[in-house]
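Undergrad: Here is how the chains run, residue by residue.
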Amino acid sequence: MTRVLHVENLRISFPDAGQGRVYPVDGVSFTLERGKTLALVGESGCGKSLTSLALLQLVPEPGRIEEGSAIRLGDADVLALRGESLRRIRGRRIGMIFQDPMTSLNPVFTVRDQIAEGVRAHFEVSKAEARRRALGLLQEVGIPEARLEAYPHQLSGGMRQRVMIAIALSAEPEILVADEPTTALDVTVQAQILEVLDRLRDSRGMAVLLITHDLGIVAGRADRVAVMYAGQIVEEAPTDRLFARPSHPYTQGLFASVPRITGPVERLSPIGGSVPPPGAWPSGCRFRPRCPQAFEKSETMPPLLPLGPDHRMRCWLAEDAARSNVHA
Amino acid sequence: MSLLQVRELVKHYQSTGLFRTAAPPVRAVEGVSFDVGQGETLGLVGESGCGKSSVGRTILRLQEPTAGSAVFEGVDLFSLDRAALRKMRRRMQIIFQDPYSSLNPRMTVGAAVAEGIEIHRLATGKNVGRRVAALLEEVGLDPAHARRYPHEFSGGQRQRIGIARALAVEPSFIVCDEPVSSLDVSVQAQVLNLLADLQRDRGLSYLFIAHDLAVVRQIARRVAVMYLGRIVEQGPTEALLREPRHPYTVALLSAVPEPDPTRQRSRIVLGGDLPSPSDPPPGCPFHPRCFHPRRDQRCRTEVPLLRQVGATFAACHYAESTSFSEGGVSAITAANPATSHLG
Chain A
1 MTRVLHVENL RISFPDAGQG RVYPVDGVSF TLERGKTLAL VGESGCGKSL TSLALLQLVP
61 EPGRIEEGSA IRLGDADVLA LRGESLRRIR GRRIGMIFQD PMTSLNPVFT VRDQIAEGVR
121 AHFEVSKAEA RRRALGLLQE VGIPEARLEA YPHQLSGGMR QRVMIAIALS AEPEILVADE
181 PTTALDVTVQ AQILEVLDRL RDSRGMAVLL ITHDLGIVAG RADRVAVMYA GQIVEEAPTD
241 RLFARPSHPY TQGLFASVPR ITGPVERLSP IGGSVPPPGA WPSGCRFRPR CPQAFEKSET
301 MPPLLPLGPD HRMRCWLAED AARSNVHA
Chain B
1001 MSLLQVRELV KHYQSTGLFR TAAPPVRAVE GVSFDVGQGE TLGLVGESGC GKSSVGRTIL
1061 RLQEPTAGSA VFEGVDLFSL DRAALRKMRR RMQIIFQDPY SSLNPRMTVG AAVAEGIEIH
1121 RLATGKNVGR RVAALLEEVG LDPAHARRYP HEFSGGQRQR IGIARALAVE PSFIVCDEPV
1181 SSLDVSVQAQ VLNLLADLQR DRGLSYLFIA HDLAVVRQIA RRVAVMYLGR IVEQGPTEAL
1241 LREPRHPYTV ALLSAVPEPD PTRQRSRIVL GGDLPSPSDP PPGCPFHPRC FHPRRDQRCR
1301 TEVPLLRQVG ATFAACHYAE STSFSEGGVS AITAANPATS HLG
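Chains A and B are the protein sequences, given in the same order. Note that the first sequence covers residues 1 to 328 in this note's numbering. Note that the second sequence covers residues 1001 to 1343 in this note's numbering.
Since the hints were made in silico from the structure, they are not lab data. Keep in mind that a hint or two might mislead.
Below, a sample of chain A positions facing chain B; criterion: calculated Cβ distance under 10 Å [as the list claims (entries may be wrong)]:
(1) 29
(2) 200
(3) 215
(4) 217
(5) 250
Restraint ranges, calculated between C-beta atoms of paired labels, are given here [claimed, not checked]:
(6) B:1147 to A:172: 53 to 59 Å
(7) B:1281 to A:34: 54 to 60 Å
(8) B:1015 to A:109: 37 to 43 Å
(9) A:301 to B:1111: 39 to 45 Å
(10) B:1152 to A:34: 23 to 29 Å
(11) A:202 to B:1101: 39 to 45 Å
(12) A:29 to B:1238: 41 to 47 Å
(13) B:1048 to A:77: 54 to 60 Å
(14) A:295 to B:1048: 27 to 33 Å
Covered by chain A, according to a simulated footprint, are these stretches of chain B (three or more residues, beta-carbon under 8 Å) [unchecked claim]:
(15) 1191-1198
(16) 1208-1218
Don't be surprised by glycine CBs; every beta carbon is placed ideally from N, CA and C.
Hey, can you work out the whole structure from these sequences and the hints?
TA: Structure below.
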């Protein structure tokens, strides 16, 4: 494995209504590897998007990344970078695409010019060379040549997202962060965009951080999955393992909530209640008030405990599972 | 007899272009027919711009139809005058994707739910409050929340408020327009279960509009698939998912992301974009993106009509030779270069 980026104990805080601070991201650690996709999965407010923004020091005011957090990109300590040296990382080494491409595109430039601009922002090349590279990038993401001189409003949502991907690629980043890249798109268009992302990851050997709420797009795509709840990773494992043996009660609840296209139609078993806001998280295990399997020990916060090969979860039940594995 | 019969429904939106030049109309709905039975759910599925929401809104006459008919409980909805239509709205309600934008932010939840009860004089005095409390309880909210305002609630709770508001006038039919699309999965499941319980307890009929086939399968025994203003396939949900006959249904089904990496499905990735509904292609609306091995000149000129093929009705000239396999369509070879086929 080639480790490209490592996040250790990331904590992000915001001031709350009173004098204190709340921690919507609270002790997140993960590693991105070359040519691999890590999926960060969770529902609204779990902290997954904020985590991805921290990689580029883009946490919105008045939020701040806490002391003791570390983000290492190769030899660089990302959190120590400022000014020009930070700009050389943003886009250049870590590219990013978001849910809504329309708000990130400039409405008065053609598709080709926007991508050429991206090329020139990162490389010292002539305008002609930048336009030539833009053409190559458009082909790589599957935009027909006829759309080269189109403006963003003339494009469909799927085509706009392709343009955003091309712009992100223009800097030849090592890492691509895709934050809900297909959430606003129809399913048939989603399939097109995901296919493009998979192909580029393989052809360019990029590390991909896929942020999503949709377990369906993770299956058969991500190499590893980390499930987030209330600012923490609660379970992580290789994708096949996690889908075969979802173990944290929250992960199990998520799976039981998803309607399926095959198999018998049964009544869904949703997780009761809803996610409390960051200021209202309970002591101990944060899932405790909604957990059907909560027990006495849940009143103490569990660490990420080993559960099997490369499989960990933030639940005390892992101790029993590990013990029964030993004796089995 | 069915509760609702819709026949040859057409809805065009006439837009005037820049400088008042006449622009071609947007052909949102192009001759759609279906029935909804008592206590039944019909799923109406399709992607953005296929016309599915226009169908729901036109039936309720939130928008005026261009042509066609809709008969509900024996009454021709499209010939009703304003007073009669208002009375009929008691029987037919709608819930929306975004309950927040359909709730008045300055009205308490109790007042919002009470509004319909008062307009239709279904209760007076203290009885209004009692009914509101009972409705909130029925949809899983605390009756004490009646005094609160919409912004104090989460997305899932707001959708419950929207449902309570629709139920307040005791309808027999509800158009559910993408009611769970903007909700997190765990909350989505809660709302789907609630809708199923209400249907069972109250004998409600739903027209359930959604883009997600898995969600529709959860709630509807029958489904109609729309593409560019037309129903391209219709039938019992299980049969349609097992043996899709229209190539668009096949593509839509194969694009559904399924949370199961062990199911190696053949995926069809459709090429190109949805054509504009103001300039639909001649012939079969799906022909420019079709990958059916038999597609030919006839598809480019002659609009295929819905006809029974196997267990469903499909609008494809070559529906008999559409091949499929369990959960996918590996048998179809991608003859169209615009469409890639992933093994």
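Undergrad: Quick one, is the residue 215 of chain A hint okay against chain B at 10 Å, beta carbons?
TA: Holds. Min distance 4 Å.
Undergrad: Does 54 to 60 Å hold as the CB distance between residue 1048 of chain B and residue 77 of chain A, or does it fail?
TA: violated, 44 Å
Undergrad: Quick check: the region 1208-1218 of chain B, covered by chain A? Criterion 3+ residues, Cβ under 8 Å.
TA: Since 7 is at least three, the answer is holds.
Undergrad: Does residue 29 of chain A hold up as a contact with chain B if the rule is Cβ-Cβ below 10 Å?
TA: Since the shortest Cβ distance to chain B is 24 Å, the answer is violated.
Undergrad: Take the C-beta atom of residue 1281 of chain B and the C-beta atom of residue 34 of chain A, compute their distance, and say whether it sits inside 54 to 60 Å.
TA: violated, 44 Å
Undergrad: At a threshold of 10 Å, is the proposed contact between residue 217 of chain A and chain B supported by beta-carbon distances?
TA: For residue 217 of chain A, the interface hint holds, since the closest Cβ of chain B sits about 5 Å away, which is under 10 Å.
Undergrad: Verify the CB-CB distance for residue 1015 of chain B and residue 109 of chain A against the hinted window 37 to 43 Å.
TA: violated, 27 Å
Undergrad: Just to be sure I understand the hint, the distance between the Cβ atoms of residue 1152 of chain B and residue 34 of chain A should be within 23 to 29 Å; is that true here?
TA: violated, 47 Å
Undergrad: Does the Cβ distance between residue 301 of chain A and residue 1111 of chain B fall inside 39 to 45 Å?
TA: Because 43 Å falls inside the window, the suggested range holds.
Undergrad: Can the suggested window of 41 to 47 Å be confirmed for the beta-carbon pair residue 29 of chain A and residue 1238 of chain B?
TA: Once the Cβ atoms are compared, 45 Å apart, the range 41 to 47 Å for residue 1238 of chain B and residue 29 of chain A holds.
Undergrad: For the hint 53 to 59 Å, verify it against the beta carbon of residue 1147 of chain B and that of residue 172 of chain A.
TA: holds, 58 Å
Undergrad: At a threshold of 10 Å, is the proposed contact between residue 200 of chain A and chain B supported by beta-carbon distances?
TA: Interface hint status for residue 200 of chain A: violated (15 Å vs cutoff 10 Å).
Going down the numbered hints, you'll see the structure goes against 1, 2, 7, 8, 10, 13 and 14, while the others check out.
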